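Student: Read off the chains here:
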Amino acid sequence: MKSAQATVSKVLNYSCVDGPGNRLVVFLQGCNFNCRSCHNPHTIGLCNHCGDCVPACPHKALMLIDGKVDFVPHNCDQCDACLKACSINANPMVQIMSVESVLARLLEHHLMLDGITLSGGEATLQADFIVALFTAIKADARLRHLSCFIDSNGQLGRAAWQRLLPITDGVLLDIKAIDTQLHQALTGRPNQRVMQSLSTLHQARRLHELRYLVIPGFTDQPSEVQALAELVLSLDANIPVRLNAFQHHGVIGPAREWPKARQHDIQVIVQQLQQAGVREIITPAVYV
Amino acid sequence: MQSIQEKLQKIVCDQTLSPQQKARYLSLEAENMLPYPLLDTETTKAFATGVLCDLVEGHAPYKPRYVLPDYSVVLTQGSEYLELEAPVDLDEAINCLMIAYHHVPSVTGMPVYIGHLDQLLLPFCEGVTDDQLYRKIKLFWRYLDRTLPDAFMHANIGPQDNPVARAILRVDAELQQIAPNLTFCYDPDISSDAILKQATDNIIACSKPHIANHPLHQAAFDEKGYGIVSCYNALPVAGGAGTLVRLNLKEVALRSTSVTDFLTQKLPYYSGLCFRLIESRMGYLFEQSNFFDSFLVQEGWIDTQRFTAMYGIYGMAEAVNLLQDMQQSSGRYGHDAQANELGYQISQALAQLVGHTPVKHAWRGRAMLHSQAGISSDVDVTPGVRIPYGAEPDPVTHIQALLPHHRYYDSGISEILTLEETIKNNPQALFTLCKGALAAGFREFTANVDSNDLVRVTGYMVRLSDIALYNQQQGSRTNTTVLGAEAAAGTHILERKPRVVSHEISPSYG
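For the protein sequence lines, the chains are A and B, in the order given.
Using the working numbering, the first residue of the first sequence is number 1, and each one after it goes up by one.
Using the working numbering, the first residue of the second sequence is number 1, and each one after it goes up by one.
Please keep in mind that the hints were generated in silico from the structure rather than gathered at the bench.
As the structure is a prediction and not an experimental result, all values here were calculated from the model.
The beta carbon of each residue, even a glycine, is placed where N, CA and C say it ideally should be.
Wrong hints could be hidden among the right ones.
To be verified - From the structure, some residues in chain B lie toward chain A, with a derived Cβ separation under 8 Å:
#1 Ala205
#2 Val396
#3 Glu421
#4 Thr422
#5 Ile423
#6 Asn425
#7 Asn426
#8 Gln428
#9 Ala429
#10 Thr432
Turn these sequences into a full structure, and let the hints guide you.
Tutor: Printed below as a string of structure tokens:
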């Protein structure tokens, strides 16, 4: 049987911002949201092999072979010129990775890791791969100590979560907005499924933290923050809420004109959440 | 060219130096008016052209570069020379050490090793509460920083989890002093996870301690043990190092025509000259300087037989990249498997050269190989076997790339991992990284957590300077930054030398 494969945007051997401890992070390509504030928009689309990026590459790392864009990692200087040339927010540098190749990478570095996080894009769009990978990790005595996490936008349906949760140790759930109209405006989708995911993950004790992106003028409004607090309290006041500060790096389009979230903006929200009774709030270590 | 008198005059009247700093620079000038220990023409040439370097140790070595006294001697027997009785309680023990430090010379005149403090002080801690211990250590620590202001003065603790080690870690994080430097010796079979976690949490608080792989170091030394001193040099306790001479691998590569020429001709040739320089400096120290007539030897603090000679190397990254160019390979050191492999091959060759070459007066008759951290005059050459600054891969990849070097450098391999500030929210990540690196065979683990230029925000690296540039183009919201910068440029207010300095980093005046 051919093993499961994933379309991967990037792999990091080290991350201290994608779950507990040091984690290997696999960013899976493709997303079902289209967030205006996205910090990694080139992970949204899937390559249609139009070839626009090939002449844009100054290092001859991209070629068009038989109508397909071919990537030569050895030549790549990581200048990201191809990403700027892409009109559909895709990434010609994606690689196809098998479960075995991710396992090999984990085996190489496992002494220095607490776990693995599948992020994106939206990782759960490649749920078959996640199931195969996490099952294999838990079956390997050398890797069993690694915790398996998913960073998700919460659009996945309840039934699909039931497939993932038995082999998943924790989920970092992004919630873009509590008001569904605001959610629609920011992401292109309503948030009912996200709310459902939140409840599913909480009941299954797999919700590691709730992540909330503070965008001044949008998600920092008192009514919205109050709704966030009430949502948390309706489940458990101890759910960790991580506040991320909107910034401009990677952002494209009109959102670049939106103001960044400063330390002061975050502190105002921390106060409001604390007063409402939210107990665990994590704030950024660095503002850019 | 300025006359010697002009230079002395300049030192004496320097606006930025304290009287003590002036006295030290004056003494260095005086020492260097003496002729250099005898060298043959070839060695002199290699020395003059920068292939060899003595780290400006001075023309007349009248003291070993690093002295690691066995302080348990003075704590158990007292000292006849210093008219000290053996201490009976913790106050007396700390007081004895405070006196002892002022009689231990080194290349900088200041002690580089202040002892394996928990092992030394634990016998005096019976009946002492944790709070009393904390207060005494805090005063001791303040004393060290204020009276012996050298960033290379080094204390060791571990591997056992014990109240003294804990008090020291607590005080060190709290006071945030540059001095003393601190090493925690970690042994997975002895140290608890809790004490290692306290140590790695301290790294986040103050970029200290350095974590040494105790079982690996222990195996390289004998039952008397080792100490970590200065910038992560592992040396025999009750001894030290007579000299530290460095070979600039970049310069050796520049004089080579191919990888084969480098490995089979030039490296052995310049290595031979490096040994001549070592022999000449060791000879002067042991046969002419009369250093070993000291009470330190007579009372057994140090043993004449336990001084090694350090064979330091630097510029591995540049050497490998030059050799890669010679064989038309584009892979760069630290990033490419082939380039890294060439680096390991060079380290292995160096270890063999050092292992096979007898050195007179040296402990066990051999020098010890050391990956050296660099001094302020190094330009366009990377310290030791490090990956060039600004070109480092992520910490895990970084550790994996350097790991195979570590087995070869018995007297230490100075490597510093720079971690971005985001790790402050996730100390467990640093703990795992450290524990894993040591388990994999890293000889030492040192990390800096600071406001690094590179910051990972959501999984992608961003460069703060790029953002600063961007913000600048938008105009600055406040004017005070500009005023501050103008004041600094106009008045030299930032140029006064800090009270605590790294004397080894700037070993001469001007």
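Student: It remains to establish, for every hint, whether it holds in the given structure.
Tutor: Hints, one by one, checked against the model:
| no. | hint | verdict |
| --- | --- | --- |
| 1 | Ala205 | violated, 13 Å |
| 2 | Val396 | holds, 4 Å |
| 3 | Glu421 | holds, 5 Å |
| 4 | Thr422 | holds, 5 Å |
| 5 | Ile423 | holds, 5 Å |
| 6 | Asn425 | holds, 4 Å |
| 7 | Asn426 | holds, 4 Å |
| 8 | Gln428 | holds, 4 Å |
| 9 | Ala429 | holds, 4 Å |
| 10 | Thr432 | holds, 5 Å |
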